[in-house]
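Asks: So the protein sequences, as listed, match chains A and B.
Here this note's numbering = 1-based position in the first sequence + 7.
Here this note's numbering = 1-based position in the second sequence + 7.
Hints are computed from structural coordinates only; laboratory data are not their basis.
Ideal placement from N, C-alpha and C gives every residue a C-beta, glycine not left out.
Some clues are possibly wrong.
[To be verified] Label pairs and their computed distance ranges (CB to CB):
hint	chain 1	residue 1	chain 2	residue 2	range
1	B	39	A	93	18 to 28 Å
2	A	121	B	107	33 to 43 Å
3	A	125	B	63	22 to 32 Å
4	A	149	B	79	45 to 55 Å
5	B	88	A	93	35 to 45 Å
6	B	124	A	155	24 to 34 Å
7	A	157	B	107	29 to 39 Å
8	A	157	B	35	29 to 39 Å
9	B	53	A	307	34 to 44 Å
10	B	59	A	149	46 to 56 Å
11	A	56	B	299	40 to 50 Å
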Amino acid sequence: MTRLSTLDLRVAPRRRRRERIVRLAFAAAAGMTVVISAAIVLSLVGNALSFIVNVDLGALWSDGWFPRRGHYDIKTIVAGTLIIAGIAMLVAAPLGIATALYLSEYAGRRTRSLLKPVLELLAAIPSVVLGFFALTWISPNVIQAFTDAPLFSMASAGVAVGILVTPLVSSVAEDAMHAVPDYLREASYGLGARRRTTSIRVVVPAAVSGIVAALLLGVSRAIGETMIVAIAAGATGGSLFGLNPLEPGQTMTAAMTALAIGSDQVRGAALTFESLFFVGILLFGMTLSLNLASEAFVRRVRRHY
Amino acid sequence: MSAAASPSAGDLVALRLRGGGFDWRSYLLHGAMLLAMLLALGILLVLLADIAVRAIPVLTERPLDFLTSDLSSRPARAGIAQGLVGSLLLVVFVAVLALPIGVAAAVYLEEYAQDTAVTRFVRTNIRNLAGVPAIVYGLLGLAVFVTLLGLGKILIVGGLTLAILVLPIVVITTSEALRAVPASIREAALGVGATRWEMVRSHVLPYAAPGILTGTILSLARAFGETAPLLMVGAVAGTFSAHGGLIEQLTGPYTALPTIVFNWAGQPQDEFRALTAATIVVLVAVILLVNGTAIVLRNRYDRRW
Numbered sequence: 008m009t010r011l012s013t014l015d016l017r018v019a020p021r022r023r024r025r026e027r028i029v030r031l032a033f034a035a036a037a038g039m040t041v042v043i044s045a046a047i048v049l050s051l052v053g054n055a056l057s058f059i060v061n062v063d064l065g066a067l068w069s070d071g072w073f074p075r076r077g078h079y080d081i082k083t084i085v086a087g088t089l090i091i092a093g094i095a096m097l098v099a100a101p102l103g104i105a106t107a108l109y110l111s112e113y114a115g116r117r118t119r120s121l122l123k124p125v126l127e128l129l130a131a132i133p134s135v136v137l138g139f140f141a142l143t144w145i146s147p148n149v150i151q152a153f154t155d156a157p158l159f160s161m162a163s164a165g166v167a168v169g170i171l172v173t174p175l176v177s178s179v180a181e182d183a184m185h186a187v188p189d190y191l192r193e194a195s196y197g198l199g200a201r202r203r204t205t206s207i208r209v210v211v212p213a214a215v216s217g218i219v220a221a222l223l224l225g226v227s228r229a230i231g232e233t234m235i236v237a238i239a240a241g242a243t244g245g246s247l248f249g250l251n252p253l254e255p256g257q258t259m260t261a262a263m264t265a266l267a268i269g270s271d272q273v274r275g276a277a278l279t280f281e282s283l284f285f286v287g288i289l290l291f292g293m294t295l296s297l298n299l300a301s302e303a304f305v306r307r308v309r310r311h312y
Numbered sequence: 008m009s010a011a012a013s014p015s016a017g018d019l020v021a022l023r024l025r026g027g028g029f030d031w032r033s034y035l036l037h038g039a040m041l042l043a044m045l046l047a048l049g050i051l052l053v054l055l056a057d058i059a060v061r062a063i064p065v066l067t068e069r070p071l072d073f074l075t076s077d078l079s080s081r082p083a084r085a086g087i088a089q090g091l092v093g094s095l096l097l098v099v100f101v102a103v104l105a106l107p108i109g110v111a112a113a114v115y116l117e118e119y120a121q122d123t124a125v126t127r128f129v130r131t132n133i134r135n136l137a138g139v140p141a142i143v144y145g146l147l148g149l150a151v152f153v154t155l156l157g158l159g160k161i162l163i164v165g166g167l168t169l170a171i172l173v174l175p176i177v178v179i180t181t182s183e184a185l186r187a188v189p190a191s192i193r194e195a196a197l198g199v200g201a202t203r204w205e206m207v208r209s210h211v212l213p214y215a216a217p218g219i220l221t222g223t224i225l226s227l228a229r230a231f232g233e234t235a236p237l238l239m240v241g242a243v244a245g246t247f248s249a250h251g252g253l254i255e256q257l258t259g260p261y262t263a264l265p266t267i268v269f270n271w272a273g274q275p276q277d278e279f280r281a282l283t284a285a286t287i288v289v290l291v292a293v294i295l296l297v298n299g300t301a302i303v304l305r306n307r308y309d310r311r312w
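Build out the structure end to end from the sequences listed, making use of the hints.
Replies: In structure tokens, the structure reads:
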């Protein structure tokens with residue numbers, strides 16, 4: 008009689024070796040993502056540092072963003088970015104949250120299965136396309152119909168960025184409302200509340216962390232949006248400091264694009280090349296902190312339910 | 008008697024339950040939400056219709072010539088052949104590079120990795136990478152591939168940059184698809200003595216395949232429409248002549264459809280407006296087709312366990 012031991016249950020050496028190799032390859036793939044993050048941070052920090060060292064610090068707080076003349080006024084491009092992100096959120100917040108509430112609380116199964124793909128298709132439209140749309144349709148038909156703004160303005164770019172961000176806000180907010188457990192709704196209905204009261208007084212407060220997360224994510228996406236502002240906000244060469252949304256304006260991302268496609272500047276003067284990375288690290292820092300804050304709010308939702 | 012004059016208790020209860028008449032605030036909320044939905048839908052329709060109308064002159068007069076001609080500064084001769092070839096090569100490059108690595112990383116994180124601090128860090132890192140603005144990936148490509156490795160502004164560099172850009176998205180969507188496969192499927196494989204890799208290959212991946220496929224198709228569509236990073240790593244803005252074999256294409260100057268849209272959108276002449284719109288029609292047609300296919304695939308293979 009042969010006696011079996013645990014040794015007999017061991018996998019044959021060839022299978023075990025293959026197992027080890029596969030596991031190692033998979034782990035390396037996961038490790039790649041960390042390498043990418045490190046590469047992003049290092050390449051940004053390296054070039055941005057040498058920009059800070061070489062630039063005349065007074066040029067960082069002057070009358071405007073004119074890299075060709077050595078004026079790198081940070082407040083100009085930060086203000087432009089925040090104005091456009093603000094306009095975008097004026098569009099995306101009501102539109103996104105209302106859509107989310109409708110899809111989560113009101114729409115039936117059939118309506119949902121029709122409307123969700125439409126939102127997904129809207130989300131799939133590339134941002135260059137929305138930029139062209141902002142310039143050729145939104146600006147003349149919406150902005151210029153009510154104001155005397157020029158064709159290129161921060162307002163029209165901002166509205167287009169808002170349209171771009173709406174599906175994102177809506178889908179994250181809807182996830183949060185979906186996560187609200189049904190017993191809260193049932194309790195509300197049981198007390199005689201109608202659907203409006205249940206939605207506004209029960210579901211929205213219960214999902215508020217997720218809605219805030221959706222808005223933060225929207226702001227982050229709006230700040231990082233490039234092509235719409237590069238096409239429709241004007242001010243490709245440079246811009247004076249300005250806060251009027253009905254004027255052309257310069258954002259951080261549009262400033263980077265302008266630097267990159269005026270390739271003579273990027274290749275030629277070392278300082279303008281490095282300024283690209285300085286703006287990049289500013290942008291990276293802003294979006295990263297917004298994303299981290301958004302994730303903290305999402306975690307709060309998960310902890311509650 | 009007096010009982011006939013005063014309403015009965017039953018009527019009083021019915022009146023109370025109806026909430027005292029017409030509830031205009033409920034209708035207001037419902038109306039506002041419907042308006043938001045219609046606005047989102049309307050914007051998509053207006054955008055598609057407006058661009059289609061603008062594209063009519065080019066698409067009716069010389070549809071084939073437009074698709075097969077090279078870039079040109081003369082609107083009557085300009086075409087998007089180089090953009091079609093460039094975009095196609097870029098997407099193939101991204102697919103070959105990002106999909107295997109992304110799926111492998113997701114399999115490691117979901118099927119192999121224990122829940123340690125390191126794993127949690129890698130997961131958080133991937134989520135944050137997905138939120139990094141596209142233009143920052145362009146800076147990474149510019150700093151590492153163009154400048155540090157000295158590859159110059161060639162198609163391979165654009166492909167590498169886009170592959171890095173979509174990698175986190177591929178990991179996240181694949182992870183979701185893997186998580187949707189119930190534990191009992193895994194236990195069935197392990198129970199008959201499969202090793203972990205055998206379990207993944209024969210049980211988990213086949214069941215997760217539809218989800219992985221739709222996720223990766225969507226990320227390829229994203230790469231197809233991405234513009235900002237390509238501008239950073241030098242997709243050509245002007246005209247160029249690149250013909251010849253695959254190697255010359257990969258290592259030469261290149262352009263892509265969204266880059267062409269951006270360049271032509273910046274041209275003041277009306278003829279270029281029509282050319283831009285026609286290019287957008289081609290770009291959006293491909294993207295909507297791909298996204299529509301992905302949505303249909305998902306709905307067909309959506310399993311509820």
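Asks: Could you run down the list of hints and mark each one as holding or not?
Replies: Taking the hints in turn, this is what the structure says about them:
Separated by about 22 Å at the C-beta atoms, residue 39 of chain B and residue 93 of chain A satisfy the suggested range of 18 to 28 Å. For the pair residue 121 of chain A and residue 107 of chain B, the beta carbons lie near 35 Å from each other, so the given range of 33 to 43 Å is met. For the pair residue 125 of chain A and residue 63 of chain B, the supplied restraint of 22 to 32 Å holds, since their beta-carbon distance comes to about 25 Å. Look at residue 149 of chain A against residue 79 of chain B: about 33 Å separates their beta carbons, and that is not inside 45 to 55 Å.
Roughly 42 Å separates the CB atoms of residue 88 of chain B and residue 93 of chain A, a value that falls within the hinted 35 to 45 Å. As the Cβ distance of residue 124 of chain B to residue 155 of chain A is approximately 58 Å, the hint placing it in 24 to 34 Å is violated. Judged by the Cβ atoms, the range 29 to 39 Å given for residue 157 of chain A and residue 107 of chain B is violated: they are separated by roughly 49 Å. A hinted range of 29 to 39 Å holds for the C-beta pair residue 157 of chain A and residue 35 of chain B, which are about 37 Å apart.
Between residue 53 of chain B and residue 307 of chain A the C-beta distance comes to about 38 Å, which sits within the given range of 34 to 44 Å. Checked against the hint of 46 to 56 Å, the pair residue 59 of chain B and residue 149 of chain A fails, with Cβ atoms roughly 19 Å apart. Roughly 47 Å separates the CB atoms of residue 56 of chain A and residue 299 of chain B, a value that falls within the hinted 40 to 50 Å.
Of the numbered hints listed earlier, those contradicted by the structure are 4, 6, 7, 10.
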